[in-house]
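Asks: Using the sequences and the accompanying hints, generate a full structural model.
Chains as they are written, first to last, in the working numbering: chain F, 375 to 851; chain D, 85 to 271.
Honestly, the hints are just simulated from the structure, not real lab data. By construction, the Cβ of each residue, glycine as well, lies at the ideal position given by its N, Cα and C atoms. This list has only true hints and no planted wrong ones.
Subject to a maximum C-alpha distance of 20 angstroms in a straight line, what follows is the list of computed EDC-like cross-link-like pairs (lysine to aspartate or glutamate):
#1 D/LYS103 to F/GLU437
#2 F/LYS754 to D/GLU129
#3 D/LYS140 to F/GLU439
#4 F/LYS435 to D/ASP136
#5 D/LYS111 to F/GLU437
#6 F/LYS438 to D/GLU107
#7 D/LYS95 to F/GLU437
#8 F/LYS438 to D/ASP136
#9 D/LYS244 to F/ASP402
#10 F/LYS435 to D/GLU129
#11 F/LYS420 to D/GLU203
#12 D/LYS103 to F/GLU439
#13 D/LYS159 to F/ASP419
#14 F/LYS757 to D/GLU129
#15 F/LYS435 to D/GLU107
#16 F/LYS754 to D/ASP132
#17 D/LYS144 to F/GLU437
#18 F/LYS438 to D/GLU99
#19 F/LYS420 to D/ASP202
#20 D/LYS103 to F/ASP812
#21 F/LYS438 to D/ASP132
#22 F/LYS435 to D/ASP132
#23 F/LYS435 to D/ASP101
#24 D/LYS140 to F/GLU437
#25 D/LYS207 to F/GLU425
#26 F/LYS754 to D/ASP202
#27 F/LYS438 to D/GLU129
#28 F/LYS757 to D/ASP202
To give an idea of the interface, some chain D residues facing chain F are shown, with a C-beta separation under 8 angstroms as derived from the structure:
#29 VAL127
#30 PHE142
#31 ALA223
#32 GLY226
Reference listing, derived: stretches of chain D covered by chain F, where coverage requires no fewer than 3 residues with Cβ under 8 angstroms from a Cβ of chain F:
#33 99-110
#34 133-141
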Amino acid sequence: MGQQSKNKSALGEKFNGFEFTPSNNLFDGIQDELAKDAEKGVLADKFSNFEQPVSGSLWPKIEKELHPEKKKRAIIWWGVAASLIILFSISSVDLFRGDLGQLDSVAENTQFEQNSSTEFSDKPLVKGNSSTNLPNRNGNKASGVFFEESAEVFGHKIQNKFKQPFSYEKNENYSVIGIAQKRLVINTANSEFLVKDSLFDIAAELFEGLEDKQDKKPNRKNNIAPYSGSLFSNGSNNGQLTGNQTALMDEEAAPEIDYSDWTVSEGGVFIVDGIEGSGPDAVVVPLSDLAGVYALVDEEIVLLDDYENEVGSDYKDYKPALSVGLLYERVLGKQLSIAAGVSYTVLNFNYDKGIWQDYKREGSEAYLGIPLNITYDLIKNSKFNLFPLIGGQVDFGIAHKETINNKELPGDVLLNSNSLGNHFSLLAGCGIGYDLNDHLSVFGQSIYQTNLKSTGDGFFKKTPSNMSFQAGLKVSF
Amino acid sequence: MNRETEQDLIKGCIENDAKAQRELYHKFCGAMMGICVRYAPTVHEAEDLLQDGFIKVFQKIHTFQGKGYLAGWIKRIMVNTCLTYYRDNKNLRMYAELDEDVLKEEASFDVLAQLSADELVQKIQRLPDGFRVVFNMYAIEGFSHQEIADELGISIGTSKSQLSRARAYLKKIIKEEEAKEVNGTAV
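Replies: Right under this line is the structure:
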């Protein structure tokens with residue numbers, strides 16, 4: 375064995391069994407490193423099969439970059455990221471009633487002395503000068519209004535006195551006439567109206583000076599206005615309400631008068647009955663100016679219909695509106711979209727109050743609408759999106775049908791009723807959408823719609839505010 | 085997907101066939117989105133990264149030589165896309181101030197392992213960008229500190245310190261959420 379080997383052996387023996395204690399935290403450091411390595415592996419495994427959903431709108435963006443030649447075609451079709459929306463809607467009705475509430479308030483707030491005995495008037499209440507041009511009289515003027523204690527009409531001498539006090543008050547947009555228990559609300563402050571003590575005076579007013587060219591008889595045609603209220607009587611009749619009649623005189627009073635050729639004219643009068651036994655009292659108002667007739671029933675003001683039956687809040691009972699629409703949507707930005715299109719709305723209704731309880735009167739209104747909506751994606755992930763929306767809609771009344779006992783009312787009657795018209799509404803709401811795949815999604819939205827302007831009296835004017843629920847299918851391309 | 089189908093798909097993508105590209109996208113988009121949500125603070129930004137990543141996949145598909153699986157190749161492109169975005173974006177938040185006391189406590193392996201992948205992603209998304217990138221690279225992708233330093237242009241020491249701070253921040257997030265749960269239960 376060489377010297378080196380001998381030395382190594384001696385040194386080696388010196389260190390046999392030699393130990394040196396390392397610092398206390400050395401093993402902690404080793405453990406930390408081992409732990410980190412172990413941690414690294416486990417976290418990697420945790421994510422090895424981890425997947426996340428992707429929104430359907432991403433692939434079209436990728437495709438657009440990969441195939442720019444398709445982009446030009448999209449521009450011709452007015453842009454990529456656009457959709458067609460097929461929309462179905464059902465609306466509630468009668469959220470808020472507009473005009474009726476206002477008239478109720480006018481009628482209620484106009485106070486009258488019901489039993490005043492001092493405010494008799496010996497002159498008719500006439501707007502304008504004494505020569506009154508009653509409406510729809512083919513331009514013929516009354517020769518003058520008059521008020522007499524006795525008058526002779528159609529050979530009958532009639533004696534009547536103006537027994538009932540009446541009151542008159544003007545509100546901001548309405549004139550209100552009160553006679554006994556009734557209040558007539560007249561639409562504008564400048565409307566023409568007369569107050570007469572009897573229906574005979576009305577007749578005289580209407581017929582005086584008019585002659586038929588052929589046979590010199592009074593030209594009754596086109597001058598008899600439809601009226602609601604009582605029949606024209608000879609004064610002994612206490613003026614029972616008998617419904618809508620075109621005859622100005624009943625057969626008992628003047629049986630020899632031939633009124634078979636009398637027709638309903640376009641204008642109107644409203645006859646208000648007086649207290650029993652005192653003879654009828656009359657107010658002549660063009661029907662087009664008459665906003666409503668109210669009566670005091672059990673100390674409550676109630677609205678009367680054309681047949682002087684109390685009108686309930688469901689006078690015309692609309693069923694929920696059903697709509698279908700087709701809209702074109704264009705994406706304006708990452709979260710903003712605009713859509714416009716057409717919609718078709720059908721409203722069914724029926725009448726079930728008053729005399730209509732014994733009849734089956736029902737019908738439908740149809741509107742063609744042009745909606746415009748703007749939506750904003752408030753929350754969006756790969757599958758769902760939550761969005762508020764605002765918009766507006768114009769609806770054009772296009773069809774109106776009504777039947778009574780399954781018999782269709784003639785078109786000219788419906789036209790005169792002015793029930794449809796055109797309407798402009800604002801709407802707001804929110805909705806939620808769900809992506810079925812890259813190109814198809816479904817959505818539901820709840821919309822509050824308020825009618826701002828109407829040219830007719832249809833659904834949108836009667837129920838100016840509505841809630842609706844809409845569901846739809848969106849096809850992206 | 086078997087190799088034959090995958091080969092057909094790759095061939096279609098090389099030929100710029102839109103149908104093949106869409107099929108490949110739909111096949112891998114879920115898994116790749118799972119990577120992007122770890123690097124991005126929001127789903128919206130993750131989708132931006134995913135979009136950029138897949139554009140690169142289709143632009144470079146002709147370079148895939150068939151060695152290894154297509155999924156792994158796509159994943160590498162996706163991770164590189166994420167890293168490139170954060171490396172080149174100077175406006176990102178690379179640091180966050182942490183109290184010394186917070187720094188002392190790092191989220192332990194046991195605690196992180198108990199979380200589901202979704203829970204972990206939610207917490208990772210709350211990390212400052214710098215912490216999040218380093219944590220992903222080290223703890224999930226398995227990069228070494230040297231590789232992280234080379235990739236991001238930082239020092240090894242910075243990489244280690246970012247990782248440590250990331251774990252401390254995760255611990256802080258976990259504690260805050262636990263405290264919220266306790267308060268909510270107490271109310």
